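Taken in order, these protein sequences are the chains called B, F and R.
In terms of the numbering used here, the first sequence opens at residue 1 and continues consecutively.
In terms of the numbering used here, the second sequence opens at residue 1001 and continues consecutively.
In terms of the numbering used here, the third sequence opens at residue 2001 and continues consecutively.
Please note that a few of the clues may not be correct.
What the hints assert, rightly or not - Derived contacts from chain R toward chain F, CB cut-off under 8 Å, selection only:
id, residue
1, D2011
2, E2160
3, S2176
4, A2223
5, P2295
6, L2298
7, Q2302
Said to hold, decoys possible - Where chain F lies over chain R, by a calculated footprint (3+ residues, C-beta under 8 Å):
id, stretch
8, 2046-2058
9, 2214-2220
Think of the hints as simulated: they come from the structure by calculation, not from any bench.
Remember, it's a predicted structure, so these values are computed and weren't measured experimentally.
Glycine residues also receive a C-beta, built at the ideal position from the N, C-alpha and C atoms.
In case you want the letters, here they are:
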Amino acid sequence: MNEALQHLLKQLGEAVSEWTQVGANEVRLTVSPEHWREVVQFLHDDALWQMDYPADLTVWDTGTGFGVYLRLWSSVHNHNVIVLTSISREQPRIASLATLYPGLNWHEREMYDMYGVIFEGHPNLKRILLPDDWEGFPFRKDYVAEPSGDPLHGPQPVD
Amino acid sequence: MSMPVSPEKQSTLSTVDILSQGMVINVGPQHPSTHGVLRLILTLDGEQILHCEPVIGYLHRGLEKMMERRPYRHNVPFTDRLDYLAALSNNLGICQCIERLGGVEVPERAQYIRVLLMELQRIASHLVFLGTFGTDLGATTMFLYAFRERELVLDLLEECTGARLTYNWIRVGGVPDDLPEGFGEKVLGFVKTFRQRLEEYDQLLTRNRIFRSRTQGIGILPKELALAYGTSGPVIRASGMAYDVRKAAPYEVYDRVEFDVPVHEQGDVWARYLVRMEEMRQSIRIIEQVLRDIPDGPVQTKLPKVFKPPAGIAYSRIESPRGELSFMMVSDGSPNPLRVHIRAPSFVNLSVLPSLLEGTKVADLVAILGSIDVVLGEIDR
Amino acid sequence: MIEVVVQFFRDYPLLWTFVKAVVLASFTLLIPLAVIWVERKVAGFIQSRLGPLHVGPQGTFQTVADALKLLLKEDIVPSGADKRFFYIAPYIAFISTVLSFMVLPFAPGWVALEMNVAVLFVIGVSLFNVVSILMAGWSSNNKYSLLGGLRAVAQLLSYEIPMVLSVLAVVFYTGSLSLTGIVEYQVKHGWLIWQPPIMIAALIYFICALAEINRTPFDLPEAESELVSGFNTEYSGMRFAFFFASEFANNFFITAFAAALFFGGWDGPILPPIVWTFLKVFVMIFVFMWVRWTPPRLRIDQILRFAWQFLVPVSLVNLLFAIVLGVR
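Bound-form chain B, shown alone (with noise of 0.2 Å):
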C-alpha cells in the first residue's frame, strides 16, 4: 500500500491536494476536480493499485459546494481508495466515470437526478428514481418541496 501510495504521489502529485492512510489498505485521497478522471484512470490502470470494482459513488450538499465521493475496491491487492472532491453549485460539473467502470452508470444518473450534478460524457445521463419531468433536484438544501396537487409531478403537501 505505501509503496503505491508513493507511486501515486510520484505520477500524479499535483492532482492529489491531500491524503490519509486510513488502517492497513485504505486510502483517500483529495482531488482537484479537473483531475477527476485521470486519477481514477490511473488508479484503474496502474499495475499497483488495480482498482477494478466500483463499490459507491455519491454526492452531498455542503451548502455551499458539491462534495463527491468515490469508492473503489482492487479485487487484486484487497486495497480501499476514497477519492473525494468538491465542485461549486453554479458549475455543478464533473468528468463522467461511467465508461471506466459501467456499475457507476446508475449511481451517476442518481446523483444527476437528486442534486443535478452534471457527469460529462455520461453516455445515458437522465432521471432514474424520479420521473422524467420532475422539477428541481430534491436532494439540494435548498429545495423547497411545493405541495403541488398532481403526486406524480411534485412533492405532495405535507399534512
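Starting from the structure of chain B, add chains F and R where the hints point.
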C-alpha cells in the same frame, strides 16, 4: 440482434429488416415475477428478448433526505424499510456507520449477538429467495416449503426482538437487550431441523432435471463484467470472484468464526442458486460457533443523550444477504447528519440485468431476475 | 315409472338426444367443481397445508362458492379487443370439451352417442380447444395473452402428434375405432396396459396428456410467473369460469379417455362399472396433480425439442411394433 427502428427510418429499410422489428412489452410494475414494483421495458422478437430497459423509482420515498432531518439514532428505524427481507442487516449497516463516525465501541457480547442475528437473517432472506425462485420457475410447492422454515426463523427473531419484519433492534453502541432465556437452545433446535430440511430442498429442486435444464447455462455473467459493474454478494461469487465483505474487511466478530465463502465459476443462474444454498449451510456453521463462543458481559455502550459525532466522513460496509451494503455519512458536528448515502446491493446488481437478458427468452427473464434476487425497497430507497 | 319416462323419450329420438345433451353439458359443468376441490386438497397435502376447510364439510363447497362468485362478477371486455372472437372463445373451449364427453363410455350402455369412429371424433374435436385458446390470446389485445396463445398453439399441436400416434397404437392393436369396442376388447382379453407396445404408448400418452391440459411442467400457455395468466389474462367473470371449467373438465376427460384406452374402462371386479370408471379417473387425476405440484416448468424450446426429437420418433417406432404385434 437488431434493434427496434423508428417509423421514419422504417421506410428506407428492406422487408427483412421490418419483419425483425421487435414487440415492446412492459413487464411490471405490477407483474407476479418482478418481486416488487420493478418495470422492465422489453423488446421481443417472438420469445427472444432483444433489449431490456429497467425502470425503477416506483417505491422512492427519499429516505436519504429524510435522514438528514433527524438525529442520528432516530434514523435506524428507516433502514428497516430498505431491504425489508433483511431488516437487521440494514440496522447493522447504519449503526456501524454511526459508530465509526462517533468512535463508539461496541461490547463484545453485543458483537456476537449481532453476528448471530445477521446469520439468522441471512437464512430467512435466502429462504425467501429459494421460495420465490421456485415459484418463478413454476415449482410452487418450493415456496411453501421455504416459507415453512422461514416461519421458524421469524419466530426466533420475534422472540428476541419482538418483531417479525421491521426489527429495529440493532442500536448504536450495541443491542438494546440481552438474548432471552434459553434462546441458544432454541436456535440449536432450529439448526437441527433446518439441516434436514436443506436435504429436502436438494431433493425437490437441486436434483431435479427440469430445474437444472432451466438454470444451467442461462444468464451467464462473466467475472470481468461482474467486477466492472460492481456487483456483490452471491451474484459476484457465482461468477468466480471470492468477494465477501465478511472476509475482505471483517466487521464485528467475523474474523473469529470459521466459515467458507462458496464460490462457483460458471456465473449462470444455477451457480447463483448453488451459492445461496451453500451460504445457508455456512450460516448454520457460524451460528453454532457463535453460540459456543459467546461471552458474558454488557450488551450496550452508554451514549450521551444528544449524540454529536465530530465532523467528517465515515462509511461502513457489511455483507447483507444480497451483497455489499454500504452506508456513507457526512457529519458537520451537528446532531443531524449532513448527508446519508445508502449503497444498496440490489441497486447495483440490477444494473447488470440488461446485459444479461439480451438474446435470452422470456421464460429465462424470470429465472435470471429471480437469481439476482433484488428487493425494490432498497433499490428505490 | 322410470321405464315409462325412458320409453317416452325413446319414442322421440330427437328429444332423447336433447335430454342427453343437457345432462352431459351439466355434467361437464359440474365435474370441474369436484376436480378443483380434489386439486386443492391434493395441493394442500403436497404443500403441507390443509387446503379449503370452512365452506361445507372439508371445504367441499368452496369451489361452488367460487363458481358463484365468478358468475356474479362483472364481465369486463378490454377496449381494444376483437369483440366477436373474445366473446365466443371460452364457449368454443367449453363446447369442444362437451363434444368429447359425448362419445365417452362411462359404463356398458352409458354413452351419449355410440359412434364407431369415436377415437377419431375425440381427436378431431379436441383440436377446437387449440383454436379457442388462439382466439382468446389473439383477440384480447394484450401482449401477454398473445404470447400465451402462440405458446399454446405451438405446444398443443406438437404434442397432439405423439398423442395421436400412441392412441393409434391402441386402435391397431384392438382393430377398433370405437371406444366401447376398445373397452369390450379389454374386458375380453385383459387390460391393454399390460401389453408391451401399449405400455410405452400409455407412457407417451401420459406425457402428452400433461401437455394437452397445460399442467406443470408443461403449463407454458398460462405460466403465471412469466405471462401473468397467459391467454386468459383479460378474461373475468363468467367467461373466465368457462375457460377454467373446460380446463378441468378436459383434465377429467383426458384421464377417462386414458382409462378407456389402457385401463379397461369400466372393467373391474365387485364394484359396479360406473364406480370403476370414476375410481380409475380419479387415481389418474391424482397422479397428474402429483406431477403438477412437484417439478418446475420447462421452457418453450425445451418442450418443443422434447416433443419433436424424442416423443414423435419413439411413438412412431412404437406404433410400428403395435401394428406388427397387433395383427393376428
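Verification of the supplied hints:
1. D2011: Cβ of D2011 (chain R) sits 54 Å from chain F, so the hint is violated.
2. E2160: violated, 20 Å
3. S2176: Since chain F brings no Cβ nearer than about 37 Å to S2176 (chain R), farther than 8 Å, the hint is violated.
4. A2223: holds, 7 Å
5. P2295: Hint holds; P2295 (chain R) Cβ to chain F Cβ min 5 Å, cut 8 Å.
6. L2298: It holds, given that the least Cβ distance between L2298 (chain R) and chain F is near 6 Å, below 8 Å.
7. Q2302: holds, 6 Å
8. 2046-2058: holds (count 4)
9. 2214-2220: Three-residue rule met by the stretch 2214-2220 of chain R, so holds; n is 4.
Consistency note: the structure conflicts with the earlier hints numbered 1, 2 and 3.
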